[in-house]
Every structure is written in C-alpha cells, then in structure tokens.
Amino acid sequence: MIFALLLLLLPKAAPVYEPAIQPAAPTVGDLITIEFPPQPPGPVVLDPSHSYEVVSSNGRRVVVRTFEPKPFTISGTLGGERFPELTVRVHSVLKPKDKLDPAPLQPPHPVPFTHAPFIAIGIAAILAAALWAAVVLLARAQSAERGAQEMELAPAERFRVTIERLRAHPDQPKRWAALADATRLYLASLSPHLGTELTTSQLLPRVDDRHFPAVAQILRQGDLEKFSPWGAPPADFDALSEGALALIPPPQVEEEQAAA
Numbered sequence: 030m031i032f033a034l035l036l037l038l039l040p041k042a043a044p045v046y047e048p049a050i051q052p053a054a055p056t057v058g059d060l061i062t063i064e065f066p067p068q069p070p071g072p073v074v075l076d077p078s079h080s081y082e083v084v085s086s087n088g089r090r091v092v093v094r095t096f097e098p099k100p101f102t103i104s105g106t107l108g109g110e111r112f113p114e115l116t117v118r119v120h121s122v123l124k125p126k127d128k129l130d131p132a133p134l135q136p137p138h139p140v141p142f143t144h145a146p147f148i149a150i151g152i153a154a155i156l157a158a159a160l161w162a163a164v165v166l167l168a169r170a171q172s173a174e175r176g177a178q179e180m181e182l183a184p185a186e187r188f189r190v191t192i193e194r195l196r197a198h199p200d201q202p203k204r205w206a207a208l209a210d211a212t213r214l215y216l217a218s219l220s221p222h223l224g225t226e227l228t229t230s231q232l233l234p235r236v237d238d239r240h241f242p243a244v245a246q247i248l249r250q251g252d253l254e255k256f257s258p259w260g261a262p263p264a265d266f267d268a269l270s271e272g273a274l275a276l277i278p279p280p281q282v283e284e285e286q287a288a289a
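Everything in the sequence shown is counted per the numbering used here, starting at 30 for the first residue and increasing by one.
Please keep in mind that the hints were generated in silico from the structure rather than gathered at the bench.
One thing to keep in mind: the hints can contain errors.
FRET-style restraints, in silico, Cβ to Cβ [to be verified]:
1. P133 x G71: 50 to 56 Å
2. W161 x H222: 41 to 47 Å
3. A49 x S78: 17 to 23 Å
4. A49 x F96: 44 to 50 Å
5. L219 x G151: 55 to 61 Å
6. P52 x S86: 17 to 23 Å
7. A54 x S78: 18 to 24 Å
8. G151 x E82: 52 to 58 Å
9. H222 x E186: 57 to 63 Å
10. G151 x L60: 48 to 54 Å
11. K99 x A49: 17 to 23 Å
12. Q135 x P69: 20 to 26 Å
13. P133 x R90: 38 to 44 Å
14. K99 x D130: 18 to 24 Å
Glycine residues also receive a C-beta, built at the ideal position from the N, C-alpha and C atoms.
Build the full structure now, drawing on both the sequences and the hints.
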C-alpha cells in the first residue's frame, strides 16, 4: 500500500518525442520536413525564431528551412504541451576547405546549323513579292479598264465622271494634278486653240473670263502638286471642282454645239 502511494507521488516522466526528419542530412536551403508522433493528440506550434523559416505547418507536420550552415534548435508545443527542444544539423554545400573560387566557365554547346530559317524567310519573301506584284497588276488592270471605259464616253461626260470619282476619293494621291489634267483635256476638246500642249501661262489667257478664276486655280494647284517640293497648298477641292463642272454647258447647249 505504501509502495503504491509512493508511485503516485513520484513526478510523471516526460513523454519521449521522436520526430522523423527528412532529409536525414539536410543542407543549406533544403526543405526540412519534421513529422511529430501521434501522441499527445493535437497540432504542433513552433516558437518564432530567427534561425529558421517556417515554410508550412499542417497538423503534426511542419516544413522549415534555413540558409545558415549550422545547427539550429526548434521549440514549441505539441497538442498544447511543450515538447523537448529539437536540434537539427544543417550541412554546407561547400566542400571542406573550399577556397570559394568560381567554377571555370564551360564553353557553350555548339548549336547545329540548319537552313530551315533561311528557307522559310526566302519563301516568305517570294510570297510577299508575288502578292505585291499581283496587287499592282490588278490595280493597273482596273485603272486601264476604267480609263478605256471613260474614253468611250463623250468629252463632257468623261470630264464629269472623272470629277465625281476624284471627289469620291479624297485620299487619292495627286488629286489636284488629276483634276488639272482632266480640265486641260476637256478644254482641248472644246477648241483646238486650247490644246493640252499649252503651258498654264499660255492656256489661261485663252480661257473666257467667266471660267477663268476656277480654271486658273485648278491648273496652278495641279502644277504645284506636280512640280513643287512642298506640294499644293490647302484649298477647297469640292468648290473648285464645282467650278470645273461649270465648264460643261447645259444639255441643250451641249446638243446644239455637238450638232454644229
């Protein structure tokens, strides 16, 4: 009886913790997994420390790491009870007595030469040139067809169609020059003394006073666009093209002129 009482009065022995550590010989920067035993029940909580970093903690398993090649001590509670401090030895990745000299540079691995990129570039260039040539030929064919159709029209109608096309395409290059050429061609159809071989200074004195202002500005805009390095100055194309259309006589007068 006395012996049983003595056993009750004796201090309880602390539980023995034998956590499993992986890897067995960790090095600097390794993820160190520590698995604590199932008893007592409850999660493990590590004390904060500057010696290691807690990467993750899940129940009775923790993952830590350190970047110092020396032992560090882990402490904390398991299931609410403090567990004995655990020392983890971390080894350096350097060899003993390493002089810390940088590793010698290794020559780059030779890359086998291949003609595939050059072949692909050549094929792409040929296709681009063929496509561009097709676009140019198509544009020329359409322009020639449109020109042939316009040449079949009467001079006044051809002049009207040309002006309408130029007004409908404000982004057409050399639009002033095209309007000036169309005006010269139409004037030449009205009278032999207004021929297209005349220069602007030779032609303008032969234009009647009523149409002189519009014709003069159109021809000068066309000359500047053709020959001036600065091109033609800004001007109201629609207003001047209306002045060009005024050169066409009313239908009744035009029929009388054609009959004469």
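Checked against the structure, which of the hints given earlier come out wrong? 4, 9 and 12
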